[in-house]
Amino acid sequence: MDSKDIINIDPNTASKVRVNYSSWFDGISYIPLQTDSNFLVGKVDKLLVTDDYIFIMDRKISRSVFCMDKEGHKVFSLNKSGKGRGEYVSMNDIAFDAAKKELIIHCDIRKKLLYYNMHGAFLREESVPYEASRTQPVGDHLALYCGFDDNSNLKESGKFANLALIGADKQTVESAAEYFEAPVLKTVVWTSECQFSQVNDTLLSIKPDHCNTVYHVTPTTIYPAYTLDFGDYMVDGRYWEKTKEKNATSKKLDAYSNNLKLCESFRYFEGNDYIFFVYRQAGVVYNALYSKKTKRLLHTPTFQNDMDMVSLFRPVAVYRDKFYCVLEAGDVYRIKKYPVNTSIPNEIMDHVQEFDNPILAVFTLKPF
Amino acid sequence: MLLLVLNIVILIKHKENKEESQLLFEQYNEVSAKGIMLKQQGAFQQAAEAVVLPDMELKSPKDNSRIKLSSLLKDGHPKLFFRFRETDCDACVQHSLDLIKEAANRIPGEDIIILSGYKNVRQFYAYTKTQKLSTYNIEDQSLPLDTQEQPYFFIIADHARIQNVFVPLKGDKGYTADYLSMMKNKYWHLHQHHSH
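Keeping their order, the protein sequence lines are chains A and B. If you're matching positions, the first sequence starts at 1 in this note's numbering and goes up one per residue. If you're matching positions, the second sequence starts at 1 in this note's numbering and goes up one per residue.
If you're looking for bench data, these hints aren't it; they were derived computationally from the structure. Keep in mind it's a predicted model, so treat the numbers as computed, not measured. Take these hints with a grain of salt, some might be off.
For lysine-lysine, the following DSBU-like pairs were computed, each having C-alpha atoms within a straight-line distance of at most 35 angstroms [as the list claims (entries may be wrong)]:
hint, chain 1, residue 1, chain 2, residue 2
1, B, Lys129, A, Lys336
2, B, Lys13, A, Lys83
3, B, Lys119, A, Lys74
Residues from chain A that face chain B, not an exhaustive set, calculated with beta carbons under 7 angstroms [unchecked claim]:
hint, residue
4, Ile61
5, Ser62
6, Phe355
Cβ atoms here follow ideal geometry from the backbone N, Cα and C, with glycine treated the same way.
Please take these sequences and the hints and turn them into a complete structure.
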């Protein structure tokens, strides 16, 4: 890997003062999601934005997938919780096959991919015999993010693969990466539920937890694309040795990382020209934006919302370099009571109700 | 040649031993984590026994109405309660709800009550859309036992006095199934006339 693939991050160079939203963002637009008694989103566990649709996965509360058009109008919702054909016991990821216009739900308990059409009707199911936290089609292949589970059928030379590219048969491993020595319990290492970013039709991007490498996945291979270089504060072998200690817990590991000022990065989203991620050092959380074109990095531990006074820049999806954040309708409803100068349009302010479905706040960056 | 074969055998043995000790280490960690959890839960269960619940207001999913806890208890039948909040361990909540659904074949459905704790009313409605069991939300108040930040079961068979408190153990469905079976035998074996 040559130097152009390294993103140098020194927390000491982060902005020392609160950064105004208006200095990073050109604007925020809003997509209120339609609300009716049969279309109630519990929690946004994953937001998927595509050319024509918005999908929300609500794993725990309604155990449903909600599909809307790009204006937030209901297309369909789907609750197929169950043990039968076309049903999921535990929905742990959703994906969209744009070419076939199919919604794909991954059930990690049944180890199946379930396919539905754009009316929410079940089409077919396929077995995927691997433990995976995330599954995403790339071309006719399937990318898996496996976390640190005991995936013995992805074991090679005594090590376990964290990432795998599965062939069109959904069985054959064609490429694998980010090997770790031994499975680690979720009570020992925390998970940020990292996800694949769809950079384009044939390119996915992901940064696994507890590592500093960003991987790109194509229909033919997985390769390291960037290193998030924190200098002396990289999470490395020292951290993994600590996980092997007796009675290791995530709390103890956090304390260890904080003591050494190790930097953990997570919530990584990659667009065509920009990358967003969060990193944490000694308990302080920094937001970082990186321009792939100019190689510039913006990072700050604190923001000041001088635009709409209520949206939090906490992206849950990226689409064409726009960063999508979830804004609770209740928060917007409450500011109606106060004389706040907000940039949220009147047509939203006038109609919002306290328990409406969330509003998506879409942040557009100022080029840098 | 013999030396080479001997070395290979030693290497294979070493690898096997290493894998075995790694396995033993993982098992030890799992057992010891379970032990700590059981100790904590035992203390919590002891402290919670016989606590009397206040007659709190519960939000019903029907017509946005509210009811009093006492109205659920007035028929005098024992009730199995399952309490969870949105921040609780999801795996524990899900496996408990799955087992409750199975238990509903053996315990009369009207004697099983879910007490959810969603701060956001939309989330409560979204949740109840998926449920067939009686579910009520406690919005603003906490129950005296909520301090553990874990889901739990309890029985009310005598006024509003909590009995047989049980905290599910993460990843151990059998432990919860045993509890539900014992409660069924204890409180509902003489109440077959309730059964559906």
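Hinted pair B/Lys119 and A/Lys74, Cα distance within 35 angstroms: 25 angstroms, holds
Is the interface hint satisfied for A/Ser62? The criterion is a beta-carbon contact with chain B at less than 7 angstroms. Hint on A/Ser62: holds, closest Cβ of chain B at ~4 angstroms, below 7 angstroms.
Are A/Phe355 and chain B close enough, Cβ to Cβ, to be under 7 angstroms, as the hint says? 4 angstroms, holds
Assess, step by step, whether the Cα of B/Lys129 is no farther than 35 angstroms from the Cα of A/Lys336, and give holds or violated. 29 angstroms, holds
Distance restraint between B/Lys13 and A/Lys83, which requires alpha-carbon spacing of 35 angstroms or less: Judged against 35 angstroms, a Cα distance of about 44 angstroms means the pair is violated.
Hint status (Cβ of A/Ile61 to nearest Cβ of chain B, threshold 7 angstroms): Holds - the Cβ of A/Ile61 comes within 7 angstroms of chain B, reaching about 5 angstroms at its closest.
When each numbered hint is compared with the structure, a violation occurs for hint 2 only.
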